[in-house]
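Trainee: Each chain, written out:
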Amino acid sequence: MATAGLPPALSIKGLAKRYDDGTVAVERLDLEIPAGEFFGLLGPNGAGKTTLINAVCNLIRVTEGEILVFGHQATSLEARSLVGLAEQDPNLDRFLTVREALIYHGGYYGMTRGRSIERAERMIDVFDLRAKTNTRAPKLSGGMRRRLLLARALLHEPRLVILDEPTAGVDIELRRELWRYIRRLHREGTTILLTTHYLEEAEALCEDVALITGGRIVARSDPEGLKRQFGARSLEDVYLKAVGREAEPEVLTR
Amino acid sequence: MRPQPWRGLGWLAARECLRVTKLWTQTMLAPVVGSILFILVFGLSLGSRIKQIEGFPYQEFIVPGLIAMAMAQAAYSNNSSSIFQARSDRYIDDVLAAPMRPWQMNLGLAVGGAYRALVIGAALLVLAIPLTGVPVEHPLALAAAALLVVTLFGALGVVVGIYAETFDHHTFINNIVILPLTFVGGVFYSVTILPAPWYELSHANPLFYMVNALRFGFLGTSDANAGLCFAVTAVIALAVVAWSQYLFVTGHRLKP
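Quick mapping for you: the protein sequence lines, in order, are chains A and B.
First residue of the first sequence? That's 0 in numbering that gives the first Met the number 0, and the numbers climb one at a time after it.
First residue of the second sequence? That's 0 in numbering that gives the first Met the number 0, and the numbers climb one at a time after it.
Next comes chain B alone, as it looks inside the complex (with noise of 0.2 Å):
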């Protein structure tokens, strides 16, 4: 049998794929009505006691960052848990001797975060337009956005999911570091608002360029240039999957 290394790429997107939809309840539904009961609470309820910020309605304001939350985590805690699991229970071995390229296999298990990501960027989207009134500036910018929300965190899923050592080394880095980081990244606020130095250093965040880039596919406007935005999101995104790919091709920590 001659090796059919894309095939096998198509299997592997699919095997992470299917464990995503096993356990829909805890991969989609959980944080799809996590992010709705943010909107409701914090858009809905006291949104009303909120004047309007950058000319929009607080509900609309905090859509584009709660979505952005939510693709983040799930695209990070996704391929992170799936690859430990696979790695401590040692079946990442039947992946790891089959005929297929370092890439190809980085790229397979990196699949099951997009997808779950982007289906539940999709309901939210889907409910949050009814609920709230958010409108859709620049589609194409918006879907550019979630794709690089995908392929950064999915990547870092990947990473994460290589080097931990414990489950609590996954959900120490979501807990203590991307859920911080976005909270302060303007989800919840425009920091524009912001006195000095809180303003500035929201500029060295980077997930605050995430936040606004997303943004910006949704209001048309970003505490940013949109451009800037894009930029560092997709050269984060870049690095980040430089860093995976690095992994599969020499070993490293994946190969005793």
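One chain only, chain A, in its complex shape (with noise of 0.2 Å):
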């Protein structure tokens, strides 16, 4: 569903990130994602794909390369205030009840203390949280931590939310959950950057999936187009195929 006329949702030309011990995770990456797509972003685990979230999220330091958020460079106001993480782990502040999580985290954003607790208390019965309003972070379960993770990274309204592996180790029902939400956000014309180990998800839920394997984009198509472009049945094939590895679909499907 992408927005003709618009300035892509995210435009990243030769982006590099070498840490300091040497490790190069990510190395002359190049990727543009129209506004309103439904965007999946797949590889193996130390593919460079956090790397290249933390990169346009502003939370590692760029060795090179320019991002773009909506036509602003990442790191300027304008683009931070249009974008939503949601962390592969939850990274929650433990002082923090729900609630308070959800107010605060829309302050940093800008919000005003009205608009704020207003859309705090529409995201706690959207993700299901009413009966854990009051307790704080690391008194919840694992469900409701990734929850409230999402809630946060949706909470100031951002036109492009990140999802990195947003439903990694949650039960098959939330799971679905959470998959009718995303896919609502989308309708609803918000760009959605998804990285996933579910090779089932990326297939239902995109419109367009990048292979990254080695900080390299080495595969882009709709998962049709992969399909035919790899000669494989499924995206599980293509996957194997692009990364180089032998098929152990046991553990890249879990």
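These are calculated hints, taken from the structure and not from any lab test.
Ideal Cβ positions, reconstructed from N, Cα and C, are used throughout, including at glycine.
Keep in mind that a hint or two might mislead.
FRET-style restraints, in silico, Cβ to Cβ [to be verified]:
no.	chain 1	residue 1	chain 2	residue 2	range
1	A	129	B	89	19 to 29 Å
2	B	87	A	175	30 to 40 Å
3	A	20	B	245	14 to 24 Å
4	B	33	A	5	56 to 66 Å
5	B	245	A	132	38 to 48 Å
Can you join these two chains into the complex? Each is in its own frame, and there are hints to help.
Mentor: Right under this line is the structure:
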């Protein structure tokens, strides 16, 4: 559902990231995600997915390259306010309750108190967190933490939502529930960048999929296009061919 | 939504103060009780056996230094532990990704230490006046000295919180650097009674100037020129604030 006429939601040119220990996580990476698209980024552990996401969200020091979010430099205040991130590991403020975590997040993103409270209440209902409103993050179950993480990422109504393995470790019921909500967000015009190890998830949700390995994008198309390109029957086969591994379907599809 | 970084700063500062308030028995009550015990034990119990220092009864003389020590430790410990925990659990990412400028993140995270230190300082002042009869000769100078103390040690807490790799690192700086230097900075005595070279060496201790800036505000007297005490404390505070700002601008140690 790319939106014509708008600058791309994300435009990355020549991105490189070399960590202090010399590890090159991403090398000369170019990527453009049109506004309104549901984009999937697949790759093995250590492929550079999280590094790419952290570069977009100003969570790492980029070695080289240019990143634009809806035409704004990723480091600018405008770009930051347009992005919502749910990180892979639940990184929730241990001193705040569920309700406070949401309200304060809205505040960090410049919302008024009233608006932030209103959105927090909405997110609490959407993600079924009402029973845990006054519970602090360390006392939440894994599933509840994941819900809160997603609620926080969406609280300030970002136009680009980045979900780094949002369904890792959640039960099938919550997973389907999250899919429904993410699909609805996408229908409403939000651009989604999703990383996942669940290939059926990418196949079911994403309009456009890129495969990343060794810090480089090695293939990109819609799921059907990728299958044709690689002469594969499923995205899983594409994945295995693209990342150059021997078939280990039980591991890769979990 | 247009970015509103000032609002973000306000919320971040409020979050830091909320943390202090939620942990009030640990962050505020314990240091106040500890300092009052120092005043009672050293000042009121032993003080009667010590002649006046610089023309003041001993229990009055030690109050400014004890308040300086309590405020410095509170500002430092609060910020170093808060930032270390935020880094360790990675919830600092929520702040680093937010539409705020580096100085706003730096200031917002430092406010908790200032809030905690000022509440402790005010509580000790309110308790120490009736207990010891300590005067406040120069209220404006006292307020300025208190602000310099919380700025210096708040910023130091931010810096150590960013560099610390384990929780021990931040307690190490407190126990091995701040506490000893404050003690030998003239909290319990006037350095004028020290023989050479200890008298001269005391002047090389930066915390000596901080203690004496606060003492000037209370008693109207200090072991060194009051202007020099304020100037030295201000220069050190500025240097440490610049250091913490450098870390936020460059992302050094905050971002891999």
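Trainee: To test your reading of the hints: which numbers does this structure violate?
Mentor: Of the numbered hints given earlier, the structure breaks none, since each of them holds.
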